[in-house]
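Position chain B against the provided structure of chain R, taking the given hints into account.
Heads up: the sequence lines are chains R and B, in that order.
Letter 221 of the first sequence, counting from 1, is numbered 221 in UniProt numbering, and no numbers are missing.
Letter 112 of the second sequence, counting from 1, is numbered 112 in UniProt numbering, and no numbers are missing.
Calculated from the structure, these hints are not laboratory results.
You may find that some hints are simply not true.
[Unchecked claim] Listed next, the in silico SDA-like pairs over lysine to any residue satisfying Cα-Cα at most 25 Å (straight line):
#, chain 1, residue 1, chain 2, residue 2
1, B, LYS154, R, GLY171
2, B, LYS154, B, SER186
3, R, LYS8, R, ARG60
4, R, LYS8, B, GLN165
5, B, LYS154, R, GLY52
6, B, LYS94, B, LEU81
7, B, LYS94, R, GLY111
8, B, LYS154, R, ARG69
9, R, LYS128, R, ARG138
10, R, LYS128, B, TRP254
11, B, LYS154, R, TRP139
12, B, LYS154, R, THR57
13, B, LYS154, R, TYR141
14, B, LYS56, B, LYS154
15, R, LYS8, B, GLY166
16, B, LYS154, R, ALA28
17, B, LYS154, R, HIS66
18, B, LYS154, R, LYS8
19, B, LYS154, R, LYS128
20, R, LYS26, B, LYS154
21, R, LYS128, R, THR57
22, B, LYS154, R, ALA172
23, B, LYS94, B, GLY179
[To be verified] Examples of chain R residues toward chain B, derived with CB under 7 Å:
#, residue
24, TRP98
25, TYR135
26, PHE238
Idealized CB from N, CA, C, for every residue including glycine.
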Amino acid sequence: MAAVTLSKTAAASVIDLEDVSIGYGKDAPPVLVDVNLSVERGSFVAIVGPSGVGKSTLLRVVAGLHTARSGGVTIHQDRRPGHRPVGLVFQDSRLLPWRRVIRNVEFGLEGLPVSRDERRQRAEAALKLVRLDGYARRWPYELSGGQRQRIGIARAMAVDPDILLMDEPFGALDAITRHNLQDELRRIHQETGKTVLFVTHDLEEAVHLADRIIVLGGTPARVVRDVRNSAGRDGSVFRDQVEQLRSEIADNYSI
Amino acid sequence: MQTDKPMKSYQKVALSALGVLVFLLAWEAVARSGVVPARLLPSPSAVPAAFLTEFKSGTWQEMVLASLSHYLVGLSLGTFLGVSFGTAAALWGKWDAFQAWVVRMLRPIPAIAWIPFAIIWFGVSEGAASFLISLTVFWINYYASYAAVRGVDKDLIELGHAFGQGGLIPRLFKIILPGALPGILSGMRAGLGQGWMTVVAAELFGISGLGMRMMEASGLLATHIVVLYMVTIALLYGVSDFLFMQVQSRVLSWQR
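Chain R extracted, bound-state conformation (with noise of 0.2 Å):
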């Protein structure tokens, strides 16, 4: 079994994956193999592939939230005090009900080493960042779908994470509050230089937001493509793209 490794020592990549494979249960085959996969300072990396391929596994065993059955999953930490390796977003925002939306982007930053005044601070400024500093005061049922999703990603980024990860935070979202969010991350991208890792089945969407597609494929799944991408959002590199991504999906999908 392989937790994350926390290392301290400067690098160039943010993650490194090394042999990674991954399942669940003792005896069941493995979902994911063979995973090496370096993720550049500042990059924007999605991963996609056919649903259940295990993508978001993948993504919760970069989180801690799941152990990889072997191989080394390496978070490069930064010195900087104050903040956590990891900001995760989810599909479905998960915001606790009970807090209001202040507090519930301070939640990460509760345990670590900050003063109540700066914890304060930096959820305001998350908020900020997202375009929602006029609602600290809601309750999360008062919000929308997609400022639920900001939010979630405020509560993320409040924690200054190394790496940003995000679980098809936009795959619940109807087509133009999704095409609105993709721009803002977009530019939440730009200007913070986060580095993102973003789990998507949406090849419009990876293609639009990312600098580099991982595609998984295949049973066990295992990288079947690494692609620089620099298409945007239009015109006929980026459709000539995603067709390219779809046949490399459609070439390597099982049922």
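Chain B alone, transformed into the frame defined by chain R:
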């Protein structure tokens, strides 16, 4: 499905008041008609006079205070222990398995069945009454808390782990207890009502309080006094339930 138009709150209050009035009038009518002898069914209009007599002699206040003290001690003890044990059993599978059959054996025994032991252990005393009340309240809170803690969204617990709040203390106080609070509070509210019912039973064997006074009065066939204390208990329950609901809705203001 409800097809009625939503009622205004004053309409609801007016209807409830009308219901009580009709009930009292019907009762008064039956009592006065002479169909039932007055000894067997006192008329409600005899209750205010009974209250004045009992109040002037100071008996009413004395009994209310005595019952209230048994009630508050029994209620707080039973609630605290019930919530603690219920939560512990829901949290730790090993402890749950260890105590499961003990709970199954003790649970079906009603508080009244413990009266002999209550007297042997505590004598005919305040402690005996409080003990019986706390037993009743304990079980209600035990099961309510157990179910509430079990029902806490596992995804929120995972959220805690993802944000460094996975240790026992932060998990318990930041996720499990707040998440279980609605269920725990409705258990407390049920215990609050059952507690009053047990007050009467616990005092019937001679511990000073509303129940004892009812027994005395019924021995003398002073049924209007029995009714007075029945009404007193109903009012005390009504007030405590109302107050608890105010607290509950404030504490749970985060709910839609």
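Hints, one by one, checked against the model:
no.	hint	in the structure
1	B/LYS154 to R/GLY171	holds (21 Å)
2	B/LYS154 to B/SER186	holds (21 Å)
3	R/LYS8 to R/ARG60	holds (21 Å)
4	R/LYS8 to B/GLN165	holds (22 Å)
5	B/LYS154 to R/GLY52	holds (21 Å)
6	B/LYS94 to B/LEU81	holds (19 Å)
7	B/LYS94 to R/GLY111	violated (29 Å)
8	B/LYS154 to R/ARG69	holds (23 Å)
9	R/LYS128 to R/ARG138	holds (15 Å)
10	R/LYS128 to B/TRP254	holds (23 Å)
11	B/LYS154 to R/TRP139	holds (21 Å)
12	B/LYS154 to R/THR57	holds (17 Å)
13	B/LYS154 to R/TYR141	holds (19 Å)
14	B/LYS56 to B/LYS154	violated (59 Å)
15	R/LYS8 to B/GLY166	holds (23 Å)
16	B/LYS154 to R/ALA28	holds (23 Å)
17	B/LYS154 to R/HIS66	holds (14 Å)
18	B/LYS154 to R/LYS8	violated (32 Å)
19	B/LYS154 to R/LYS128	violated (30 Å)
20	R/LYS26 to B/LYS154	holds (22 Å)
21	R/LYS128 to R/THR57	violated (31 Å)
22	B/LYS154 to R/ALA172	holds (19 Å)
23	B/LYS94 to B/GLY179	holds (22 Å)
24	TRP98	holds (5 Å)
25	TYR135	violated (15 Å)
26	PHE238	violated (33 Å)
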